[in-house]
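Chains as they are written, first to last, in the numbering used here: chain S, 4 to 319; chain L, 1462 to 1799; chain F, 608 to 953.
There may be inaccurate statements among the hints.
Claimed, not checked - Reference listing, derived: stretches of chain F covered by chain S, where coverage requires no fewer than 3 residues with Cβ under 8 Å from a Cβ of chain S: (1) 839-845; (2) 911-917.
Claimed, not checked - Have a look at the derived ranges for each label pair, beta carbon to beta carbon: (3) S:Gly71 - F:Arg857: 23 to 31 Å; (4) F:Arg837 - L:Ala1769: 54 to 62 Å; (5) F:Phe778 - L:His1615: 28 to 36 Å; (6) F:Arg857 - S:Glu124: 18 to 26 Å; (7) F:Ser685 - L:Asp1532: 52 to 60 Å.
Unchecked claim - Covered stretches of chain S (in silico footprint by chain L; criterion: 3 or more residues with CB under 8 Å from a CB of chain L, positions within the stretch not fixed): (8) 54-63; (9) 215-227; (10) 265-273; (11) 294-302.
Hint data in this document are derived by calculation from the structure and do not stem from the laboratory. Every residue, glycine too, gets a C-beta built ideally from N, C-alpha and C.
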Amino acid sequence: MPLLSVENLHAGYESGGRVLRAVDGVSFDVAPGETVGLVGESGCGKSSLAKVIMRLVSPASGRVVFDGVDVGGLEGAPLKAYRRQAQIVFQDPFASLNPRQSIADILTAPLAVHRLVPRRERLAAAGDALERVGLPREALQRYPHEFSGGQRQRLGIARALILAPRLVICDEPVSALDLSVQAQILNLLARLKAELGLSYLFISHDLSVVRYFADRVLVMYLGRIVETGSWQSIFARPLHPYTRALIEAVPTPGRRRHAAPLSGDLPSARNVPPGCRFHPRCPLATPLCTQSDPALRPLGAGRAVACHHAPEEALH
Amino acid sequence: MAPLIDVRDLSIAFPRATPVRGLSLTVAAGETVALVGESGSGKSLTALALMRLLPDAARIASGEILFRGRDGAVTDLAGLDDRALRRVRGRDIAMVFQEPMTSLNPVLSVGQQVAEVVRLHEGLSRRAAFARAVELLDLVRIPEPRRRAGDYPHELSGGMRQRVMIAIAVACAPRLLIADEPTTALDVTIQAQVLDLLDALRRDLSMGLLLITHDLGVVAEWADRVAVMYAGRKVEDAPFETLFGAPLHPYTRGLLAASPRLDAGQHYSAGALAEIAGSIASAAGEEGCAFAPRCPNARALCRAAVPALDAVAPGHLVACPVTTSEAQREARHALAVG
Amino acid sequence: MHGTGTLPSGGHAANPRASDAEDRAAAAALGAERAQAAQPEPDFWPNVHAPDAARTVTADVARLAPVGRRHALLVFLSNPTAVAGLLILAVVVGAALAAPVLFPDDPLEMAGRPLQWPGQNPRFPLGTDALGRDVLAGLVHGARVSLLVGACATLAGLLAGILVGATAGYFGGVVDDVLSKLIEIFQTVPGFILLIVLVAIAQPSVPAIALAIAAVSWPQVARLVRAQFRAIKEKDFVAAARALGFGHGRIIFREILPNALPPVIVLASVTVATAILMESALSFMGLGDPNVVSWGSMIGTGRDLLRTAWFLSAIPGVAIVLTVLSLNLIGDGLNEALNPRRGGEG
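Same shape as in the complex, but just chain S (with noise of 0.2 Å):
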């Protein structure tokens, strides 16, 4: 059984009078023990995403199921429960942590409301914390601005196993750090994720982050997820003219001034275009395409693209 299941998820807020879809029909499952990359440019919902699964946000419509659990309407006691078994950590290491409290502040607090620690206890266990994320006990006493960028990223994960979850919402974790610090925090997450046993949904917009990162890939295009596959196949074997775009457009060493694999601008989840969504930018489209909304449609070894050119059976 998986371990978190979405199932046809919408979601959106409201901006100028409008409600925008920023998730628009979203099916993945998350199993035990496995890493998911969610990969997508600014404005494909996959934050958003992460806010329902997370429930900071309601869904419109569909369901989020933990562990068998439909988290969707949950309130009270039972959403504190799921709370435990699901965290998150931001991409903002400034932003995330609260400048006012002290990291045994920080760390503490989430073990007393969960009552999960005796008092005189509680200390030592955000010591632990600290120390399985590679930070001194000392930091306990410190407050955040006295860290680093990596150091403060450090601080959000440790912040996030404190509750011994399962399920670990990575939202763009290393995007605002040096690429010294970024492998670092990679690496981090790695052994976190092998010693405790955790799943991540790992969501980022850097291809070669996710590409090393991820066992499985989605990619989001507008609200929708339009391929998914394990890492090797999606990185070998792209479907999705968008997918192919994406990996095309990383600058790589070893190709020299190639010129942009798409034309046109980013779409916004304001002004969807019909048919297919990807149609105006796509170099494959049809007027099949401007005319019908592909479903994703399952290829077999775990591949699946919601694309009408896309080959119906996926090599491997």
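With chain S fixed as given, assemble chains L and F onto it according to the hints.
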């Protein structure tokens, strides 16, 4: 060929810190030079210094910025007064910043903003300047430029705004274009378009392009030569093939090893990424090599004095005595064997 | 008597982010780099000599100097005008506290021959009024009333303003609509008129006057707190708190409020000054508590003798001016010390 801009031994100082020290850098006409480093390396300050746009508290403590003008005369920008600088800025040297939204005036249409620059530097009439603005918007590949000229910055996407900034920058066909993280705020498919555009303009206008970035992929694809900065100093300078094929400085090597790549076979399940331990903050107060606290090969001599930049091959400079002596030993060995 | 001790959790005022960006070597350089970098790039913390690797970090982090509120205090104390304000206020508070010891008799009782000028009689250094009351005794006892009213009114106003503003800003939606309308209604009525009406309805006593002034000054606090809450609740650390299952009360009071307070504290110091002015104005108009002496009532009773004995109005007037000035100077100093925009940022 004589370089377009020749920065010699540039130091930038704040009252209590010197974030750029002894930096030398050249860019030739038609050449793309990348200045690479992480935040705190001093790369953006260097860019501002070349434009003489440093913040008030900062000053150029030493060094020369020799710029070769259209007539072939060389002037030291570091010593120019404000009036002379205004003639250079925008006309001979132009700059594109990371965040196009804050660089554009929100209450003027983008056409007006481009036209304003044209009028200022070329003294065209209002009507002629606007026509030229539309041409420039077309040059930076904005679709329907005549209609778009009437748009205000908030009506444009990030990518379009950056194109407008580029149109303003190249309005007077500058000799040198400095692009400070021009695509960092943009999505990957838009980034590819903007880099493509910058490169086409560099070629067509035979500009020198100084690309300031932290993204090694961008560097590998678009730069001819790369200067790597760490904590205010240049630690390695090489043609891109050498830098990516045979990097020598431990920092450069560490960066390349630490970055996950699309074309490499790494996956977390098969092993951890190489790490550079620590952070750039450890460079503060360091007497010798600023990278020594993080360097796997650090010796006593690294902490004793700041290493000089040595030429290990034509066009390849490295500031690491340990690597340099090893490279020389290997070269001698190869000679002896050969 | 509370004096300055009325501001809630003044000790938490320091803003850690504000402070460290100051003072440190390359912080200015960082500011320059960040000026160009709209993206939240990782920072260059020259104070952190610790690398963020797993193993080598321990000793170095332990060496860090705790900064934050202490630093804000330093900024405040290195500001000469703020210190001057603090000294003046200290004198006023000291006089108010010492009043029963210095002048144990009722300041409303006749103490000597009426209308003696200051310096005329060593027993009455500041003279006596038309009824033979000691002006110095009135001044010192009046300080008690002015400060008490100022402090209590501000405290009550802060309490109401923070509650309403926090509720409106945090919950948003219909709650916000209703509470915002309420704030607007209070703000459309001219403050002083409302104050007179309220005092006229209730009996003029010190608690009633303090409450009436609070009723006039809370909407400003509420608006400020609401705006702060709306901004801060969008931050990721609040999202993290919700994701961790924290209740609304904890999020409002532990997570958001401490971050929202610095501008409120600055406003509070000015509100104390305004409250003192309002109380004086009420007493001057004869709407004050008749059983106590206050600076306003002293000016009011001295008004008739303005030509012959102007010192009767001028002395309490100077006391009001100095006290209000000191509070404003303190407010400016706090603003300087607590403002997160100081230093090398953005």
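We went through each hint and held it up to the structure:
1. 839-845: holds (count 3)
2. 911-917: As far as the stretch 911-917 of chain F goes, the hint is violated, because 0 residues have Cβ atoms under 8 Å from chain S.
3. S:Gly71 - F:Arg857: 23 to 31 Å: holds, 29 Å
4. F:Arg837 - L:Ala1769: 54 to 62 Å: holds, 55 Å
5. F:Phe778 - L:His1615: 28 to 36 Å: holds, 30 Å
6. F:Arg857 - S:Glu124: 18 to 26 Å: holds, 21 Å
7. F:Ser685 - L:Asp1532: 52 to 60 Å: holds, 53 Å
8. 54-63: As far as the stretch 54-63 of chain S goes, the hint is violated, because 0 residues have Cβ atoms under 8 Å from chain L.
9. 215-227: holds (count 3)
10. 265-273: holds (count 4)
11. 294-302: violated (count 0)
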